[in-house]
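Colleague: Chain by chain, the residues run as shown.
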Amino acid sequence: MLNENQPDDECYSIVKLTERQFYEMQQEWNELLENSAANTLFLTWEWQSLWWKTWAKIFSLSLNIITIRNRNNVLLGIAPLYSHNCYIAKVIPCKQLQFIGNSSKIGTSVRSEFLDFIVHHDDSQKIIKAILAAIDNDYSWDKIIFADMITKSETFAAISSRNAFKRKTYNRSILKDTGIRIGTTEKLSTYVEALSKSVRRSYFSRRNRISASSELSTQTNRESSESSLALLNSFHVLRWGTPCFDALACEFHRQLCSINPTTISRDFSTVTIDSDYTSIIYNIDYNRTRYNLQLGFKPTNDKKVSTGHIQLGYSLEDSFAANTVDKFDLLAGNGKNTFYKEKLNGEAYRLFTIEIVSHRLLRLLYKINDSIYRKRILPL
Amino acid sequence: MTGTFSKTFFEGTVLINGANTTTGYNAARSLRGYGFKIYGQSNEDGRHSIYVKSRLWEKVFFSDISEANLIGISEELMHGTSIKSHKPVLILSQDQAVDIVSRISKNIAPHFSFQLPSREITNVLLDKAMYSQWASENGVLIPRTVHTKTKKEVGHALDSLTYPLVIKPLYRADSWDKKFPNDKLLKMECQPKSIEALSSTLDLNTELVIQEWIPGEDSDVYFLLAHFGNEKTTSIGGRKIFQWPIKSGSTSMCRTFNDGKMEELGLEALKLANPKGLCSIEFKRNRENGMYYVTEPTVGRNDYQSFLGTAAGCNLTLFYTLDCLGYNYLAPDTTNNAIWIDEINCIRSIRASIPLSSFTSTISGLKNVTLSFANFSLFEPKIIFRLCLNILYGKFRRLITLANN
Numbered sequence: 081m082l083n084e085n086q087p088d089d090e091c092y093s094i095v096k097l098t099e100r101q102f103y104e105m106q107q108e109w110n111e112l113l114e115n116s117a118a119n120t121l122f123l124t125w126e127w128q129s130l131w132w133k134t135w136a137k138i139f140s141l142s143l144n145i146i147t148i149r150n151r152n153n154v155l156l157g158i159a160p161l162y163s164h165n166c167y168i169a170k171v172i173p174c175k176q177l178q179f180i181g182n183s184s185k186i187g188t189s190v191r192s193e194f195l196d197f198i199v200h201h202d203d204s205q206k207i208i209k210a211i212l213a214a215i216d217n218d219y220s221w222d223k224i225i226f227a228d229m230i231t232k233s234e235t236f237a238a239i240s241s242r243n244a245f246k247r248k249t250y251n252r253s254i255l256k257d258t259g260i261r262i263g264t265t266e267k268l269s270t271y272v273e274a275l276s277k278s279v280r281r282s283y284f285s286r287r288n289r290i291s292a293s294s295e296l297s298t299q300t301n302r303e304s305s306e307s308s309l310a311l312l313n314s315f316h317v318l319r320w321g322t323p324c325f326d327a328l329a330c331e332f333h334r335q336l337c338s339i340n341p342t343t344i345s346r347d348f349s350t351v352t353i354d355s356d357y358t359s360i361i362y363n364i365d366y367n368r369t370r371y372n373l374q375l376g377f378k379p380t381n382d383k384k385v386s387t388g389h390i391q392l393g394y395s396l397e398d399s400f401a402a403n404t405v406d407k408f409d410l411l412a413g414n415g416k417n418t419f420y421k422e423k424l425n426g427e428a429y430r431l432f433t434i435e436i437v438s439h440r441l442l443r444l445l446y447k448i449n450d451s452i453y454r455k456r457i458l459p460l
Numbered sequence: 010m011t012g013t014f015s016k017t018f019f020e021g022t023v024l025i026n027g028a029n030t031t032t033g034y035n036a037a038r039s040l041r042g043y044g045f046k047i048y049g050q051s052n053e054d055g056r057h058s059i060y061v062k063s064r065l066w067e068k069v070f071f072s073d074i075s076e077a078n079l080i081g082i083s084e085e086l087m088h089g090t091s092i093k094s095h096k097p098v099l100i101l102s103q104d105q106a107v108d109i110v111s112r113i114s115k116n117i118a119p120h121f122s123f124q125l126p127s128r129e130i131t132n133v134l135l136d137k138a139m140y141s142q143w144a145s146e147n148g149v150l151i152p153r154t155v156h157t158k159t160k161k162e163v164g165h166a167l168d169s170l171t172y173p174l175v176i177k178p179l180y181r182a183d184s185w186d187k188k189f190p191n192d193k194l195l196k197m198e199c200q201p202k203s204i205e206a207l208s209s210t211l212d213l214n215t216e217l218v219i220q221e222w223i224p225g226e227d228s229d230v231y232f233l234l235a236h237f238g239n240e241k242t243t244s245i246g247g248r249k250i251f252q253w254p255i256k257s258g259s260t261s262m263c264r265t266f267n268d269g270k271m272e273e274l275g276l277e278a279l280k281l282a283n284p285k286g287l288c289s290i291e292f293k294r295n296r297e298n299g300m301y302y303v304t305e306p307t308v309g310r311n312d313y314q315s316f317l318g319t320a321a322g323c324n325l326t327l328f329y330t331l332d333c334l335g336y337n338y339l340a341p342d343t344t345n346n347a348i349w350i351d352e353i354n355c356i357r358s359i360r361a362s363i364p365l366s367s368f369t370s371t372i373s374g375l376k377n378v379t380l381s382f383a384n385f386s387l388f389e390p391k392i393i394f395r396l397c398l399n400i401l402y403g404k405f406r407r408l409i410t411l412a413n414n
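Protein sequence lines correspond, in order, to chains E and P. Take the first sequence: its letter number 375 is residue 455 in our numbering, and every next letter is one higher. Take the second sequence: its letter number 152 is residue 161 in our numbering, and every next letter is one higher.
Simulated from the structure, these hints should not be mistaken for laboratory data. For glycine and all other residues, C-beta sits at the position ideal for the given N, C-alpha and C. Each hint should be verified, as a subset may be incorrect.
What the hints assert, rightly or not - Covered by chain E, according to a simulated footprint, are these stretches of chain P (three or more residues, beta-carbon under 8 angstroms): (1) 17-28; (2) 90-104; (3) 337-348.
Based on the sequences and whatever the hints tell you, model everything.
Modeller: Here's what the structure looks like:
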């Protein structure tokens, strides 16, 4: 199918993928990802296809991946989307498009961040424009949810402009989150010196206090992902009352951890005090970035000591020492009491979840809802 | 343009300097409805300005621009927020504030997010004398200019330059404002009979800039408003229609002017200075030789007529804010035709018998024009209403004084 909205003289072919085509395009997908600005763990073919295998059937999702190729059949862009039929307020039928890797307002899966269109960095704006035009020409959807998109992305810029779509839309941001990323290319000592005294003490010095009275040891690269995930869950139940991964999420991560470590390298590290596990961290290295997916820890009797902080301190040390890592990404999400991540002097970034509503009645209802909500929190 | 946005689409906190000025108020208007919390800063004198009473402000801080005051304001703005990493954005509206913030930029950088060129460049672009020297060294076409400090130097300048000339203060101080409240500069058509005659109206022993006059009308003044962001440069061209006072004042009416050549010229002249953030440049087209002369650069802040860009769909204040807050944005491929009017000064310009032919020729060819005003908006009509009341009240008081006398 040729796109009618050909940007300039370039002629693009836009095709929706079948499930089989999706499963067969690992190499092509990842090659494009490497040549795009969206090269993150969550957009790798491995993460995306595994997510799809795990949740597509359970949530009754239909694949809606749009690919864009040039005249020479070279893949230039992928919009990794799916469609889902639902009811808004249990009454209004709605067909919504979403990114693969996110199941906002459908059910619980795993959180995938930095979701985006994957576009070749040459002419990225034109390709995004062509993808948006293809989505615009598809009149079957009523709402799109672009979840956990970094606000620095070009796709974010395109969809936050007024003329992204020809049809009338109402655009709203429904979730605004902040993530923290720490550069690990400088010397660890320089980084630690720049931290505040209390953070330095909590993350790097307190361990000495423990080791003076108990046997403190660390273990990296634990073999068994199954027991590691179980340990993470047990710590989460202790702290939050619920496990961090349900059965399907555990299965997803078990399979992810079994992937060839040359592309995606996982690491479960633990801290033990007197042979008792007190914390565990789950990191994945991809494209010179270490993603901290989870951290779980047990509270200690000493109120001044947080084993979670100690665990993170060790993990930071390890990241600074590793030649294969340039950034340690703590991802989005608050701690239980404070947004502890920002005290680690990293670079803050915003992740937005945006809804684009085209259904006439929904547009009106959302507008009314937003104006009431806004008036309640921000009286003019 | 088919998408509408929720009024909380973005998030972020903004502090606008000069909340008591038209420029500051218009910057706040440019950010309305995007989800930002807008705060204002004004000096104590601005407490009675109509602009500080606008609904746009969450709060206006009445204190001078200084390091301690700015840090105090930032701490108040950040108080109670769960995430401290997103600093408030600082938008400047006054030259004096640009100068101060440029000097203390390192110390306030942990408290505010802002974009300014280097201290050296800011100095050059703020200082008329330094700029004229820098411009001639860098091949920027400017009118012949002399910087004087003494009566003797003024005498030399009056002898060496070609008339007509304009005289303006290097730094506009209260002494100038008291003598010439509406004039940015004085125009001299021919050489005065004696320097003494001139010294009776002007203190010649202060720092002055004496410049050759470029022949032309108000409508020969063009300008380029620009934002030099972290990765993108966005700009929009404009042309003045009226100024108040005529031929020497600030813009009272202007229009968008899409001319690639003029835009290129403006961007080239600005890029030479390696700019950052908001800036603008003003040219005057010489009616005799058709050449464009740079008459005035503006650095680190919005220009008086910057709201023209907002009306035309090229909202530079928004782009600056988004860039500072870490949002990507798309600069528009095309802009609308727009006219910006400073209502009160525009009436004064028209009353000062401007030939209507000049007006009609300047706006001819403009179709589907968006009209925008310095003070009037449907969102807040009380501003223009109060402004008119203030003027009427002033006239009434003058009448009473006259009657009493």
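Colleague: Would you mind marking each hint as holding or not holding in the structure?
Modeller: Cross-check of the supplied hints:
1. 17-28: holds (count 4)
2. 90-104: holds (count 5)
3. 337-348: It holds: at least three residues are needed, and the region 337-348 of chain P offers 4 whose Cβ sits within less than 8 angstroms of chain E.
Checked against the numbered hints given earlier, this structure breaks none of them.
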